[in-house]
Amino acid sequence: MQATVMTATLRGVDALPVEVQADVTSGLPMFGIVGLGDAAVQEAKERVRSAVRAAGLEFPNARVIINLAPAPLRKHGTGFDLPIALAILAATRQIPSSVIEGSTAVGELALDGSVRAVPGMLAHAYAASRSGLDLLGPSAAMSAAAVVGCVRCRVVDHVTTLRQGEIDPRYPCCDVSVEPHGRPDLADVAGHHAAKRALEIAAAGGHNLLLVGPPGSGKTMLARRLGGILPPLNDDERMTTALVHSVAGIDERPALAGIRPFRAPHHSTSTVGLIGGGTPPRPGEVSLAHNGVLFLDELAEFGPATLQAMRQPMEDGTISLVRADGRVRYPAAFTLIGAMNPCPCGYLGDAEHRCTCSQPMIDRYTARIGGPLLDRIDMRIRVDRIDPGKILREDCEEEPSAEIAQRVISAIAFAGSRPPTRTLSGARLLEACRPQRAARSTLETLARTVGMSGRAVTRTLRVARTIADLDAQDSVCCDHILEAAGYRMSDVR
Amino acid sequence: MKAIEKWEIVLNDDLYPELLRQTSDPPERLYGFGDPGLLGPALAVIGARKATPYGLTCASRFAGWAASNGVTIVSGGAIGCDMAAHNAALISEGETVAVLGCGADVDYPQQASTLLAGLRRSHAVVSEVPWGTPPQRWAFSRRNRIIAGLSLAVLVVEAGLPSGTFGTADHALAAGRDVLAVPGSIFAPECKGSNRLIAQGCSPVTCESELRDALISVGFLLGSATADDGSSSAPLSDPILIALRSNPMRPDDLAFHLRQDIVSIGRALTRLELQGALVRMRDGRYSVRKPE
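Same order as they appear, the protein sequences are chains P and W.
Its first residue numbered 1, the first sequence is counted upward by one per residue in our numbering.
Its first residue numbered 1, the second sequence is counted upward by one per residue in our numbering.
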């Protein structure tokens, strides 16, 4: 007696179709799973056996062989529990074949027979929509299917449901709403107008920004408030970001509600943690920050190799992890916000404290970031401690985040259907910028005087384009170039 | 290329500089390159390593003027004000001597290696520690007493507090030499030491004629030099340049003082920087390139 159930296994953000074939024959009782499953797949035997019995169904006292096809593909995770149980029950005629026909199943079983969600439900829903099958799984499958749309859902929250025979496919409706949690507001930060302007530009154009300043000057405070002025994700971005989050097993609802991710890993993060990896390769922080912000506080304290590993995804917007059993590609289009001290003691250039570092110490410290990474950072800004009088004064009105966010949204609306500025280069960038003659010659002079690389010129022009968007100007003028170059020229040291 | 001649002179040698011998703790032996005859009466021009554009400009302006009027400039060959003083003396074709804290044949700091090579060839580089001695912290404060000892007067252009520069001034006062100081902004930590010296009674130097008077009073120049007091320089008109003239500032502070928004200040600063009127300091403050 044989039966086949469709399911899928995750590879990167894709769910690849897998057939679960069950063969129940007479012979010495045994239960075997073949087809390159990992330890979690092997452990499914115990969960399936207990769950089936707990639901009042019969686990066959016979020779049970499960094959996961295509056999050469490595399979991992606990999502095979439900499909395996379904295949056995169908093969022993305990459930009608109509339950499993035309569907792809996914779900983890508990010993009491309840069905649990697994990471990557969204990817499974996508796979179902691509192959035109219904998604069979726990109620979490419902919300995932609702996001993808045009996928019917058969909900099985407990194995006992299967005893009723038919399961009605439903078109899911489910609205994603997250409670608005209090976000820190830029109005709480007194002064720092230059830095706030830089944050506004970074939010509007997705430009990388480095904040340099002595301890306690407000770098972290400023950076953490960037989340409040970021524009909402558009529909495409919402999907790709939520997909990565879903696969990584973190809550994808904020992304689905349009909130851009803001990731702030600690500086002890490993290279694999930052860019992704492991078996199977999981997305790293750069991918979890896709379409959002990756905030690296104390940038110079990160491992040098870890920092340098970000160079390629910063340029390409994706990361390819190549391992012995193949290649996985994760999206990684993030905005890097870094914060660091100007020197090891932290007080170089501070008005009150005296810096105790020697020149070689300062040089070594800044060399940890390195020229190539620095070249990819569009804006650098000095953040200094402000006068205590300014912090304590009550009458000074600081602009709230909502107002800045409004300007950012208008800038993006002004840019309209143009591809995102951060992806433009060469002729397409020039066409988008339409620089006036004076602006062109200013940039040329700047590039010569400061010795800008080709990439630096491109990136300066992109920042200038964003500034022009904020000014609602069609063409980039001299002032925009000057402001953009001002952010790049400042020495980190 | 001809090998540069090294020499060693001991305390009772005829060539041993008389001024240095008169001090309380003269070195037993001097190791050097170049012309030992240059170790005569000199003007020391010293200042901070981490100098601001203001300090660098003052060092090169006064060292250049004194050197062009025949005064030998002594300094420590360090980066910052010292290098600016040596370079200014070279540009005005005067004489200059570097006193090192490491061996006279050691290139330290590395940024000064070209300068030191030139000085060994056609001026003088001297040290009290033997050939090849690597730089050691204690040697530099000892070296400062030689700089003071070789000079009739010491001009301090920019000194923090505490600092090695301040120590040299102490040595000079102990040896009975004149100490002159260029005043700086009262807000600048880089100028605390030099301003303190003035408060303690050192003569302030704010223009060439004051420097000339001070040099004449210790026996230099014999009244022959003409001073350009710098009054011919064009007045500054840009409000940003005027605001930055006395004290380097950050864009935020500048915007606050001039009551302008940060965006237009930022753009104007980059424009002025591009024109060469401003320099951005390492700490993010802006300073006028020629504070005159």
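One thing to keep in mind: the hints can contain errors.
[Stated by the list, open to error] Partial list, derived from the structure: chain W residues whose beta carbon lies under 8 Å from chain P: (1) 250; (2) 251; (3) 266; (4) 282.
[Said to hold, decoys possible] Restraint-style ranges between C-beta atoms, simulated for each label pair: (5) P:363 <-> W:14: 39 to 49 Å; (6) P:390 <-> W:239: 19 to 29 Å; (7) W:258 <-> P:451: 26 to 36 Å.
[Stated by the list, open to error] Sample of chain W residues at the chain P side, in silico, Cβ under 8 Å: (8) 21; (9) 259; (10) 279; (11) 280; (12) 284.
By construction, these hints were calculated from the structure, which means they are not laboratory data.
Just so you know, even glycine gets a beta-carbon here, dropped at the ideal spot from N, CA and C.
Discussion item. Quick check on residue 279 of chain W please, does its C-beta sit within 8 Å of some C-beta on chain P?
Written reply: violated (11 Å)
Practice prompt. Take a look at whether the Cβ-Cβ distance between residue 390 of chain P and residue 239 of chain W falls inside 19 to 29 Å.
Written response: The hinted range 19 to 29 Å holds for residue 390 of chain P and residue 239 of chain W, with Cβ atoms some 22 Å apart.
Worksheet item: Minimum Cβ distance from residue 21 of chain W to chain P below 8 Å?
Response: violated (34 Å)
Fill in: Hint status (Cβ of residue 251 of chain W to nearest Cβ of chain P, threshold 8 Å)
holds (5 Å)
Worksheet item: Measuring from beta carbon to beta carbon, are residue 258 of chain W and residue 451 of chain P in 26 to 36 Å?
Response: Distance hint for residue 258 of chain W, residue 451 of chain P holds at roughly 30 Å.
Discussion item. Restraint: residue 282 of chain W near chain P, CB-CB cut 8 Å. Satisfied or not?
Written reply: Interface hint status for residue 282 of chain W: holds (5 Å vs cutoff 8 Å).
Worksheet entry | When the least beta-carbon distance from residue 280 of chain W to chain P is tested against 8 Å, hint result | holds (6 Å)
Practice prompt. May I ask you to test the hint 39 to 49 Å on the CB atoms belonging to residue 363 of chain P and residue 14 of chain W?
Written response: holds (45 Å)
Discussion item. Under 8 Å is the threshold here; is the Cβ of residue 250 of chain W close enough to any Cβ of chain P for the hint to stand?
Written reply: holds (6 Å)
Fill in: Proposed interface contact between residue 284 of chain W and chain P, which counts if any beta carbon pair is under 8 Å
holds (3 Å)
Worksheet entry | Interface hint for residue 259 of chain W, Cβ within 8 Å of any Cβ on chain P | violated (13 Å)
Item to complete: Have a go at the residue 266 of chain W hint: is there a Cβ in chain P nearer than 8 Å to its own Cβ?
Response: holds (5 Å)
Hints 8, 9, 10, counting from the list given before, are not met by this structure.
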